[in-house]
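Enquirer: For the sequence shown, the numbering used here begins at 134 and goes up steadily by one.
Worth double-checking, as some hints may not be accurate.
To be verified - Cut-off 30 Å, straight-line C-alpha distance, at most; resulting in silico cross-link-like pairs (DSS-like, lysine-lysine):
hint : residue 1 : residue 2
1    : Lys-169   : Lys-187
2    : Lys-169   : Lys-144
3    : Lys-187   : Lys-144
4    : Lys-226   : Lys-144
5    : Lys-187   : Lys-233
As the list claims (entries may be wrong) - Here are the simulated distance ranges between beta carbons:
hint : residue 1 : residue 2 : range
6    : Pro-165   : Pro-235   : 37 to 45 Å
7    : Ala-238   : Leu-141   : 22 to 30 Å
8    : Pro-145   : Gln-217   : 32 to 40 Å
9    : Phe-160   : Ala-229   : 24 to 32 Å
10   : Glu-146   : Asn-183   : 17 to 25 Å
11   : Asp-239   : Gly-178   : 28 to 36 Å
12   : Gln-217   : Tyr-164   : 17 to 25 Å
13   : Pro-235   : Pro-145   : 23 to 31 Å
14   : Asp-150   : Asp-177   : 36 to 44 Å
15   : Ala-216   : Val-236   : 44 to 52 Å
16   : Thr-151   : Lys-187   : 36 to 44 Å
17   : Leu-173   : Glu-240   : 18 to 26 Å
18   : Tyr-224   : Asp-150   : 40 to 48 Å
19   : Ala-149   : Ala-238   : 37 to 45 Å
Quick caveat, the hints were computed from the structure, so don't treat them as lab data.
Predicted model only: the values in this text are computed from it and were never measured.
Glycine included, every Cβ here is placed at the ideal spot set by N, Cα and C.
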Amino acid sequence: MYGDVRPLLDKPELVADTWMNLASAVFFFVYPQPPKPSMLHVIDGTWQPNDRDKANGLVSRFRRPLFRSSMAAWSGGGADENAQSLNRIAYYKEFANYLKVPVPADEVVGL
């Protein structure tokens, strides 16, 4: 938008209080953040796991965006779940149960 990240880093209220909060959400949704694919590409099937992704247990499933933004496995990071990750997993399973959506036994819901 500005050709430089400094204005938004120096004035984060620009993102919080203007039309830019929507623009930043759309940007985050459609733009890949290497090594992570964009959420859009995971959902529409454009992204497919390569051999390294598969070796790390990453698969192409619609639910992946729920965990995409903070999974250490995308960058080859740690193997342990943190409290935030465990909360996301618990909420995912709780909502799936509430909506009567089965969670397959082989569903990878964490690292």
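Enquirer: If a hint holds in the structure, say so; if it doesn't, say that too.
Expert: Hints versus structure:
1. Between Lys-169 and Lys-187 the alpha-carbon distance is near 14 Å, which keeps this suggested pair within the 30 Å criterion.
2. Under the criterion of a C-alpha separation no larger than 30 Å, the hint pairing Lys-169 with Lys-144 is consistent with the structure, at around 27 Å.
3. About 40 Å separates the Cα atoms of Lys-187 and Lys-144, which puts this hinted pair outside 30 Å; it is violated.
4. Using a Cα cut-off of 30 Å, the hinted pair Lys-226 and Lys-144 is violated, with the two alpha carbons roughly 37 Å apart.
5. A hinted pair counts as satisfied when its Cα atoms are at most 30 Å apart, and Lys-187 with Lys-233 qualifies at roughly 28 Å.
6. At about 30 Å, the CB distance of Pro-165 to Pro-235 disagrees with the hint of 37 to 45 Å.
7. At about 43 Å, the beta-carbon gap between Ala-238 and Leu-141 misses the expected band of 22 to 30 Å.
8. A beta carbon spacing of about 21 Å between Pro-145 and Gln-217 contradicts the range 32 to 40 Å that was offered as a hint.
9. The given range of 24 to 32 Å is respected by Phe-160 and Ala-229, whose C-beta atoms sit roughly 28 Å from each other.
10. Distance hint check for Glu-146 and Asn-183: the Cβ-Cβ separation is about 40 Å, which falls outside the suggested range of 17 to 25 Å.
11. Asp-239 and Gly-178 have their C-beta atoms about 19 Å apart, which leaves the hinted 28 to 36 Å range violated.
12. A hinted range of 17 to 25 Å holds for the C-beta pair Gln-217 and Tyr-164, which are about 23 Å apart.
13. Roughly 41 Å separates the CB atoms of Pro-235 and Pro-145, a value that falls outside the hinted 23 to 31 Å.
14. Taking the beta carbon of each, Asp-150 and Asp-177 are about 31 Å apart, not inside 36 to 44 Å as hinted.
15. For Ala-216 and Val-236, the hinted distance range of 44 to 52 Å is not satisfied, since their beta carbons lie about 21 Å from each other.
16. Range check, Thr-151 to Lys-187: about 41 Å between beta-carbon atoms, so the 36 to 44 Å window is met.
17. Between Leu-173 and Glu-240 the beta carbon distance is about 22 Å. The supplied range of 18 to 26 Å therefore holds.
18. The hinted range of 40 to 48 Å is not satisfied by Tyr-224 and Asp-150, whose Cβ atoms lie roughly 28 Å apart.
19. As the Cβ distance of Ala-149 to Ala-238 is approximately 41 Å, the hint placing it in 37 to 45 Å holds.
Against the hints set out earlier in the document, violations occur for numbers 3, 4, 6, 7, 8, 10, 11, 13, 14, 15 and 18.
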